[in-house]
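K.L.:
Numbering (my numbering), first residue to last: 1 to 269.
Possibly wrong hints are sitting among the right ones.
The list that follows gives simulated cross-link-like pairs (lysine-lysine, PhoX-like), each with its CA atoms no further than 25 angstroms apart [as the list claims (entries may be wrong)]:
(1) 38 x 113
(2) 113 x 134
(3) 250 x 115
(4) 207 x 38
(5) 38 x 250
(6) 38 x 188
(7) 113 x 250
(8) 250 x 226
(9) 123 x 188
(10) 113 x 188
(11) 258 x 115
(12) 113 x 124
(13) 207 x 245
(14) 207 x 226
(15) 258 x 123
(16) 38 x 115
(17) 113 x 207
(18) 38 x 123
(19) 122 x 38
(20) 38 x 226
Source of the hints: derived by calculation from the structure; they are not laboratory data.
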Amino acid sequence: MLETRHIALDELPALQQLPPITLEEMDSVRLLNRTDTKFLTDEQTLVGILQDAVAAGYRALVTDGSKIAWYDTLYFDTPELGMFLDHHNRRLVRQKVRTRVYVASGQCFLEIKRKNNHGRTKKKRTGIPVADFKDFSGNAAACEYLAGHSNYTADGLSPSLETVFRRITLVNPAMTERLTIDSCLGFKNIRNGAESSLANGVVIELKQDGRADSPMRGILLDHRVKPIRVSKYCVGVTLTDHVVKSGRFKARIRMIEKQINNKISTDLC
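Taking the hints into account, I'd like the entire structure generated from these sequences.
P.N.:
Here it is in structure tokens:
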């Protein structure tokens, strides 16, 4: 797994004070057919956000005894990076294909995200052996699942970008929304070996079935954290590939650098 530097979130009093919620309890807010709103901030601001989340009654998902979970994700794309370019070129209907490992448990999934022209995101996933994380083309069931839920086939895709991050998941008292907080993001371009990171960046995603008012929106606004359109996959490719067309995303990354007040580290090959 990629290594990235980070602050010790598990030692923060605010995180310790958040009441726990189990995965079984959270099933009612899985929101696989959802509207996503993303926000970007830094780790220092996150501390205050967590303190306000405690006061607002949010609960934190606990898995394998911890409120922090590490994720290892591998994105697949066409040889010409068609999925990346669909996003860059503002194509409304687009897809992403990835495998994901929950590091603590070793559970592995093939996931397909589809965004429609109404801005809604639907995610489908199926379990696969962790041995198929980097290459599921020999798994007949996974290949059939991909063909049945996307416009792609396994033989037309190959690994593009690996991302690792740690995640905190919060649920509001009414159980109507889910908030994922991703930090310590690291990227590795599988095709050229380049690595990069958003060491101080925090990507917050508010996931709802609609755009109903949310206490968390108010909390984020109080901390001057505003919505931003950002894709971890697109940011990672832009940071690690200077050949692919990415002008629109480069401007977005300059905005990200300014917003988190931290120079993004790169080691481009």
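K.L.:
Take the hints in turn and mark each one as holding or not.
P.N.:
Now the hints, each set against the structure:
Distance check on the hinted pair: residue 38 and residue 113 sit about 16 angstroms apart at the alpha-carbon level, within 25 angstroms; holds. The straight-line distance between the Cα atoms of residue 113 and residue 134 is roughly 18 angstroms, inside the 25 angstroms bound, and the hint therefore holds. Restraint check: the Cα-Cα separation between residue 250 and residue 115 comes to about 22 angstroms, which is no more than 25 angstroms; the hinted pair holds. Distance restraint check for residue 207 and residue 38: the Cα-Cα separation of roughly 9 angstroms lies within the 25 angstroms cut-off, and the hinted pair is therefore satisfied.
Of the supplied pair hints, the one linking residue 38 and residue 250 holds, its CA atoms being roughly 18 angstroms apart against a limit of 25 angstroms. Taken as a hint, the residue 38 and residue 188 pair is honoured in the structure, with Cα atoms around 22 angstroms apart against an allowance of 25 angstroms. Our distance criterion of 25 angstroms between C-alpha atoms is met by residue 113 and residue 250, whose separation comes to about 23 angstroms. For the given pair, residue 250 sits about 19 angstroms from residue 226 by alpha-carbon distance, which is consistent with the 25 angstroms threshold.
Between residue 123 and residue 188, the direct Cα distance comes to roughly 24 angstroms. Compliance with the 25 angstroms bound is thereby established for this hinted pair. Pair hint residue 113 plus residue 188 holds up; C-alpha atoms about 21 angstroms apart against a cutoff of 25 angstroms. In summary, the hint linking residue 258 to residue 115 is not supported, as the alpha carbons are separated by about 28 angstroms, beyond the 25 angstroms threshold. For the suggested pair residue 113 and residue 124, the alpha carbons sit about 7 angstroms apart, so the restraint of at most 25 angstroms is met.
About 30 angstroms separates the Cα atoms of residue 207 and residue 245, which puts this hinted pair outside 25 angstroms; it is violated. The straight-line distance between the Cα atoms of residue 207 and residue 226 is roughly 15 angstroms, inside the 25 angstroms bound, and the hint therefore holds. With a C-alpha separation of about 31 angstroms, the suggested pair residue 258 and residue 123 falls outside the 25 angstroms cut-off, and the hint is violated. Simply put, residue 38 and residue 115 have alpha-carbon atoms about 15 angstroms apart, close enough for the 25 angstroms limit, and the pair holds.
Among the hinted pairs, residue 113 with residue 207 is consistent with the structure: their alpha-carbon atoms are about 14 angstroms apart, no more than 25 angstroms. Of the supplied pair hints, the one linking residue 38 and residue 123 holds, its CA atoms being roughly 16 angstroms apart against a limit of 25 angstroms. The suggested pairing of residue 122 with residue 38 holds, with an alpha-carbon distance near 16 angstroms, which does not exceed 25 angstroms. For a cut-off of 25 angstroms, the pair hint linking residue 38 to residue 226 stands: about 9 angstroms separates their Cα positions.
Of the numbered hints stated above, those contradicted by the structure are hints 11, 13, 15, listed in ascending order.
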